[in-house]
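Visitor: All chains should be modelled from the sequences, with the hints used to inform the complete structure.
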Amino acid sequence: MKGRNLKKKKPSAQQTKGKNNSMKRIAHDPFFDASDQKRRRKFDGDEDIESSDNDGGEFDSEGEREEGEKDEEIAETPAEKKKRLADEFLRAIREKERKKEDDESEEDDEVRREREGERDSLIAKILQQEQLEESGRVRRGIASRVQKPETSAGFRFQVKHRQPVTSVVISEDDCRGFSASKDGTIVHWDVDGGKSEKYTWPSDEVLKSHGVKDAQGRATRHSKHVLALAVSSDGRYLASGGLDRYVHLWDIRTREHIQAFPGHKGPVSCLTFRQGTSELFSGSFDRSIKIWNAEDRTYINTLFGHQSEVLTIDSLRKERVLTVGRDRTMRLWKVPEESQLKFLAPASSLECCCFISDDEFLSESNTQGSSALSWVNSVAVCRSSDLAASGAGNGCVRLWAIETESKGLRPLFELSLVGFVNSLAFAKSGRFLIAGVGQEPRLGRWGRVAAAKNGVALHPLELS
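Residue numbers (UniProt numbering): 1 to 464.
Note that these hints are calculated values from the structure, not bench results. The C-beta atom is built at its ideal place from N, Cα and C for all residues, glycine as well. Among the hints, a few may not be true.
Calculated cross-link-like contacts (lysine-lysine; reagent style BS3-like; alpha-carbon spacing at most 27 Å) [what the hints assert, rightly or not]:
#, residue 1, residue 2
1, K148, K453
2, K81, K125
3, K453, K198
Quick list of the computed label-pair ranges, beta carbon to beta carbon [to be verified]:
#, residue 1, residue 2, range
4, S374, A124, 46 to 56 Å
5, G193, R84, 14 to 24 Å
6, K208, T404, 48 to 58 Å
Guide: Written out as structure tokens, the structure is:
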């Protein structure tokens with residue numbers, strides 16, 4: 001397992017030595033050896049966690065179309081689009097080969113079979129390469145291709161919010177973005193067209209039918225304060241969490257609320273979907289990590305270990321979860337075995353982390369700095385690539401190249417904004433970077449930049 005350091009320090013698992021924006025690096029550990037002997041425990045009936053099997057809000061495209069909804073109003077999911085493009089690609093190749101066969105009808109059968117074998121081999125190589133990149137086993141070289149922008153180029157604001165943005169996420173196809181703010185607004189917007197639509201919070205009656213116990217309760221009245229978002233790989237579900245202690249599930253294609261998961265005893269501070277699945281992880285100020293199934297609308301398990309608030313969570317394809325908290329620890333969880341590996345940081349707090357690959361990850365720590373505005377508030381990695389970014393409270397966004405040989409980070413250049421950079425997200429293609437900006441930090445009001453704009457800023461990345 002290898003971690004990375006924004007200042008190229010290499011701390012051990014027992015004692016972390018680093019400065020501001022430090023990453024974690026450890027040697028191989030038996031913890032990371034695959035093991036299928038121990039499986040995840042089932043729901044304990046004595047645990048005071050409720051789940052709802054109410055199918056009334058479950059998405060059913062056929063049923064909705066029967067009720068009169070037009071087909072064109074339902075957007076194509078990334079998974080459906082990927083399958084359609086793959087089918088079209090294969091059909092185009094086969095059609096091209098058929099035309100060649102028609103033009104060369106007198107060609108020897110042996111030569112024809114040889115050509116067909118070469119064609120199938122080429123298709124297999126293309127699909128294999130795509131699968132390796134998708135799984136993260138092959139790292140795309142994007143950092144060396146990113147061109148430093150001209151002085152006139154910069155971030156452009158895509159969406160405006162009334163209060164500071166707390167979270168931004170992008171769909172797998174890079175076509176749609178989602179942002180949330182402290183005023184409870186959740187916005188769904190098109191990356192290219194810029195068209196945006198707000199999600200509407202349901203009535204108290206609907207919330208009760210979707211799993212909320214007391215829609216008039218003190219915590220629920222603050223549900224408009226959203227802290228975290230996560231979007232599923234298939235483009236069907238959007239999850240949100242905030243001060244109301246519930247994990248809310250939304251249908252992306254209809255923008256309707258479909259479920260509220262109870263169970264957390266504190267604000268829900270972070271969310272992530274396991275890639276390629278409907279498995280959802282949530283972290284909370286109650287120091288726990290809970291696992292849900294968005295497809296079945298069920299609770300699965302709870303992970304304990306943090307001694308203070310959980311602030312950030314991330315997951316890739318494997319059943320592993322990376323978390324950081326205010327207890328100065330970063331923890332890597334092996335979910336089926338319910339085991340964890342703990343890293344202790346010298347900083348007063350760890351606030352953000354993300355995976356580079358299944359065995360490498362980034363985190364930040366605020367150990368030094370003359371001003372709290374210089375603290376790193378967010379980090380992001382372009383999936384399956386060597387490009388990373390970090391954002392601070394002074395509006396500085398730095399791009400980094402992840403070096404394979406030296407196991408370090410090399411600074412590329414800086415991008416400037418005004419305000420707290422509370423969230424970052426790369427397009428999967430590496431074509432652009434989005435930043436959630438606000439006048440205040442994501443998890444407090446200890447600082448304020450009056451000149452900042454509350455919104456989502458997008459910066460195109462030119463690749464050579």
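Visitor: All the hints need checking, so say for each whether the structure fits it.
Guide: Structure-based check of all given hints:
1. K148 with K453: It holds: about 24 Å lies between the C-alpha atoms, which stays within 27 Å.
2. K81 with K125: 21 Å, holds
3. K453 with K198: The hint holds at about 19 Å.
4. S374 with A124: 46 to 56 Å: This hint holds: roughly 50 Å between Cβ atoms.
5. G193 with R84: 14 to 24 Å: 21 Å, holds
6. K208 with T404: 48 to 58 Å: Roughly 53 Å apart at Cβ, these two residues keep to the hinted range, so it holds.
Violation of the numbered hints given earlier is absent; every hint is satisfied by the structure.
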